[in-house]
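Participant: Each chain is listed here by its residues.
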Amino acid sequence: MDGRAKIIRTMFLKWPLKKVVLLLVPAIAAVLSTGCHDNKSNLLRIGLASEPKTLNVWLASDASSRAVLRLIYHPLYVRDPKTLDFVPWLAESRPLYDPAGKTYTIGLRQARWSDGHPLTSADVAFTVKLIKEFKTPGWSRWKYVSKVETPDQRTVVFHLKKNFATFLSRTLQIVILPAHKWRAVARAARRTQKPLATLMRYKNENPLSSGPFVMKQWRKGAYIHLAPNPYFFGRHKIIAGHRMGPLIKGVLFKFYGTTDVAMLALRKGELDMYWQHIQPGYMDILENTPHVKIINSPKSALYFMGFNTRRPPFDDVALRRAVEVLVDKHFIVERLLQGQGSEMWSIIPEGNRRWYNPHLPRPGEGLNREQRIRKAYQILSAAGYRWQKPPLDADGKIIARPGDLLTPGGDPLKPFTILTPPADYDPARAISGTMIQEWLREIGMPAKARPMEFGALIQQVKVRRNFDAFILGYGRLPLDPDYMRSLFHSRNDRPRGWNMSGYHNPEFDRLATAAQREMNPRKRRKLVFAMQSIIAADVPYLPLYLPTLNQAVRTDRFSGWVSMLDGIGNRWSFCLLREVEGAP
Amino acid sequence: MKDNITSSTRNLPYWSQALLENWGRLRRNPTGRLGLILLLAFALMAAGSFIPPLVSPIYNPMHGVDPVISHTSGPSLKHWLGTDFIGRDIFSQLLAGARVAFMVGITAAFMSVVLGVAVGILAGYAGGWIDTILMRTADMIMVMPTLLVVLMAAALFGQLSIWTIVAMIALFRWPGVSRVIRAQTLSLKQRPFIEAARIAGASHVRIMTRHLLPNVLPLALLYMTFRVTSAIIIEAALAFLGFGDPTTVSWGMMLQWVWKTGHMFQAPYWLLPPGICISLLTLSFYMLARAMDEILDPRLRRQGES
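Chains as they are written, first to last, in our numbering: chain X, 795 to 1378; chain H, 328 to 633.
Okay, chain H solo, but in the shape it has when bound (with noise of 0.2 angstroms):
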């Protein structure tokens, strides 16, 4: 296997080199391959959600409206997926709504990942009381239901802005991880190369940061992955609710005045896309997530491969 590794990438610390040679298996993976395709058309998306309001201020998501069309229409060459009950460009918004899917799922799933990371690490390595108290908290907050919590929250406190959202589903969502992640430092703990570390005179710190996190990266970046894809339902399905943040035009927020407005089964044109595009953004991130997996753990890889 370190034949394949070339002399540049020979001289990089272990845990890039790893990186490197995993993503090459990601790309051979059919799975992967696909999910990656996916996501990088949905990346396109949101990075191309700032040109239409820049081709004209109709084509604002939020409050671009048609001078003519003053209700729901069709597809057109004016609007490519037609206009929503007040005339704003449903393009438009779909771009914008990838744009917010994207900040929403990363931004959640990598703060939940961090968070459980440190606890993850801090539990596995200091044991005792510590890893009690971290442990016993990871598990009452693993058997919240975070919608519902989240719901309440909002019903309780009004309107919910995008970024407290994002902090909630972040807060609900890192005990998961921190299981994994402390399972994982166990293992890591009895290593010699640790106990190496520690006879050279290496600070508990310096242990956790230099030699268990960079080993439990790769599990991490896993699991922020499947992050992704529950932050990204879970907005949607609190914006359909109508709890969502009201000033940023997100898929489920669109699905919500498909819905409110009655249109739920008259404008097909505006009720798929937004439909059609979080199914096939959470699929995206779940089929990397799993090559990922498959990736990571070698029992789960094909014969033959390396």
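Just chain X, same shape as in the assembly (with noise of 0.2 angstroms):
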């Protein structure tokens, strides 16, 4: 007993002593470092739902690498916050076109890397040249690109095998990358057996920017650190009426993985800014607190339900317009969007003024459950279907439990599947597909709402195309109308083809090559209102909802946030972001 005694005083009194100063140091040494990355607190932080998975712009798909890539790499031509027209952004100017539109002269900006190398025409081409010849993602949109020429260190010339519409708005999207950097990179990737997939495996840690931010630190797991790029070359230059920063001193991206932690980062300070979208849940709580404000955005984007057009039951377009009436999109948008989004009637969404059709039908609008029963009873009566037994008895009421629905051919409709995202991807659209099935289900339509893995989704509906009708949407929707020809097209009827719901439309095929050739505005509008109005006809797609984004923002630190379509996390905003004077 006496021996244990001792061992325990021992431990108690005498350990301390020598061990625990030992033990201690570190630990305070550990307390301050992270007390350093806390000083990093005149920087801008900003809160990512993940960390980004590369910077690699080959490999990008995910949000969050997308995020900070944003500020190191940048495109020739940038769209204007209010009017979103393209405003000259690496280049100096607007393009310069031949009248045939096969000829396109583009003069550079006076601007260099981050490494004060300048940036050339040689940089455009040498990123053309890696496109067509890696065939990156998106290389199809330079397939009739014949060649680039750089007479001078700041001109660059395409040369185009027909003219095309969406050469400047789809084409010359693209970020500019060094090439004295990259080309290194390429050669070893050419020397594989898999070039592209080298290419892709590049890790790319320390990228060379041309934009206001360039990479500092990249800590794995904890923060990635921008700091102001010295040869930006917007600095103090007024572009489409801003002068330009950064007047701020850096950017600190942080990852949460759960937004509920995000929030009380926000809510206690920690945080500037949150770039996911948030939840209705948490918007009355936000609201609430002093000094954040939630900015709304419009997004372009189409959420939608897509028929298979190709088989039984949805080959009948009566099938899909009397679907299209049943559908209660004020419904989903008031409850399951919690009214933070909009009701939409084309492919195209109603922000996108010029080239919206605003003339289209809109089906099914403000009517309650009764009406909208009696007008998909009418659209499917007169295509021939029967009931055994009609949802309508002989005074016209409307019955509970109709009996099932028959073909105009006398054989009860077969039960068909609606395929969603899982609830955990999107409640929204999970819960909607329930939502739908029961509305069909008040009228004998044999629906089953089936929530299905993402990947497994797409797979059963673009690559199998084996499906009935499925949920879907397009977070980030180009403001070119061109992707309806991708969806549409009948050509796009293939394996992994744009057109998933196997629509075939002679009228349609013709009308959207020559939108995609027009190079006259107001003619293109035309044929673009005129496509739009054979889809609302047609309901291939039947477009359900758009949402509205909503981030939130600390104003007590930093002011000057842009907000235009897809949120505050553009490129305007991070060069005109602003120290609030006084800030903590």
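No lab work stands behind these hints, which were simulated from the structure alone.
Note that the coordinates shown come from a computational prediction; the quantities given were computed from them, not determined experimentally.
Note that CB positions come from ideal geometry on N, CA and C, so glycine has one too.
Chain X regions said to be covered by chain H (calculated; three or more residues, Cβ under 8 angstroms):
| no. | region |
| --- | --- |
| 1 | 1206-1219 |
| 2 | 1235-1247 |
Some chain X residues well away from chain H (every beta-carbon gap over 12 angstroms; in silico):
| no. | residue |
| --- | --- |
| 3 | G1035 |
| 4 | Q1182 |
| 5 | L1200 |
| 6 | P1272 |
Please dock the two separately framed chains into a single complex, following the hints provided.
Facilitator: Rendered as structure tokens:
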């Protein structure tokens, strides 16, 4: 017993004197070093939902990687935050093109990479060459560019095989890479068996920047620190009426696995902005927190229900139209999105004013359940559908459980499935599926909603093409309406093709091809309007809703966020943000 | 002990007598009684889950919504526990959740126990290489973390239906049962009555089903009660993480909705009920199992108890 007591006494009395001090020193040092990290408090602190997967621009498909890369690599033209027109960015002015629309000449600004190396036409030509040679993602837009010439250091000339209305708005939207850094990477990749895979595997941890910020430090699992780029071309220049910065001392990206933790950090003042969309549930509490503001921005997006027009039952346009009437978009927006969005009536969002056709019919708008059932009943009966027990009784009253719907041929309609992404991926779409299932059953359609893992869903719809209907969305829809051609042109009805509905309409194909090549904006607009009318009448896709983007910022340290399409995390914001005077 | 048994039960086979006796003990055991009361309350909830949708379609737990309330709201006369983010009644969802929990818990536990008992008796009785193969298989499955494996399956094969989840839980939870049943079988096998049966010419199948099975049944029942708890927790965890069956309203699913829509810290009336229910229901099964354990293992009984 005595011996044990002695040991214990030794542990408690002698041990601390010597060892605790030794142990405490590194511990204190560790705490202080985290303190140093928090000393970066004069930086703009941005919360991302996850750590960027890569800074290799060819591999970056996740939102976090793109958020960081957006400050580093830049395109020739960017959109004006208000008008959404193109503003010359790395380019000096708008492109000059010949009357046939086959040669584009673009002058470049006097710009430098963050290592001081000049940014020249050779960089542009190299980037295009890289895309075409390695067939990087999105290379198909460059198929029709036959040649890129560089008459001098600040002039690039693009030669096209055919004229394209989408050259500026789609093709030229690439970011320019530093040739003097990537040339060696490309050379090494060329020597391997799978050049593209090697190129995409390149880590690019210290990218050279042409933008307002440059990578300073990436501490894996903790943060990414960007410092102002001393060579930024825009510094103190006036572009599109704005005097460019950057006026802040740097940006610190932090990663938050769950929204709850990020919200707590924002409310406690440990974050200045959270990049992710804020779910309606957090709104009340954020709005009541001092110095926290929620900024709503429009989105260019399309959330829709797609039908498989290749096979029954949805090869019949009458059935698709009946579904359109039965689906209550108002309910989805008001309840599932909690009012944070708007109903969609065309494949092109209403906010895209230049191309949206405002004269489209809006079937089912403002109807209540009963009126919807009556209207769908009319559409279906007119097309020859019958019921084992009709949804309207002899007095014209709606009955709760009608019998099975019978096709014009007299057979019962085969049960069909509505595929949706899983609830954890997007609760709104998954629950929409269940609600739509119930609405369709009200008229005797044997519908069943089935949430499916996202990758499996895409495989089923795009590759195997074995489905009846699905609910999907495009969160980042281009502003140029050319995507309509991709979605509905019969040529794209092939495995992995974009025409997931299998929609075929020669008239649409003709209009789409003409619209792609029409250089006169007014004439092109007319064609795009006609395309929207055809799709609205044939309903291969049923547009559902367009959510708004809510992002939360703190107002006590920084001001000057620029809200534009797709949120405040745009290049303009980072060039114009300034510290609030007397900020904590 | 035998004196307590009434004349009507005297004629019953041994195992029914034992069951009746143990039932009496269970009722006298305070832990068991509390467990039973709780369980009964949840059984009532599950049975009552059919009522709200009959009262009005707005009380349908999955797609019934209040025509006026289109956001989450606190308890009121119309909605006793309030509504969720699209105006669905939380109380109806809670009742439906009880039904799903029972369904998942009991089915999964039953399936795993049937499998476990069959394997256990066979391995114990047959011995030799059959025993070795079965028990090594059991060992291999036993070390696999059920939740992780089901999560991976859900990630690989897409959304699983509630019955697939039940089947998977059952498939991964039988080895524990089979180990215990095998041990019991090994001890029973040496008893004179098995020897007697064999000499009397009973087939192996008959010995296993008529002589061994009734004797391991109480133990199997005990294990089933423990398994119910783990099955309910696994299903809730899966649903909470977003891998549950989205077409069923389970408590885990309710928690997922509350979390994903950002109401975790804003709507306690929505967050707490499913959480409390999961805890209480698993607790009730656990208490019941503890009490049964005491009853079946005489060494655990208190002094003076028969």
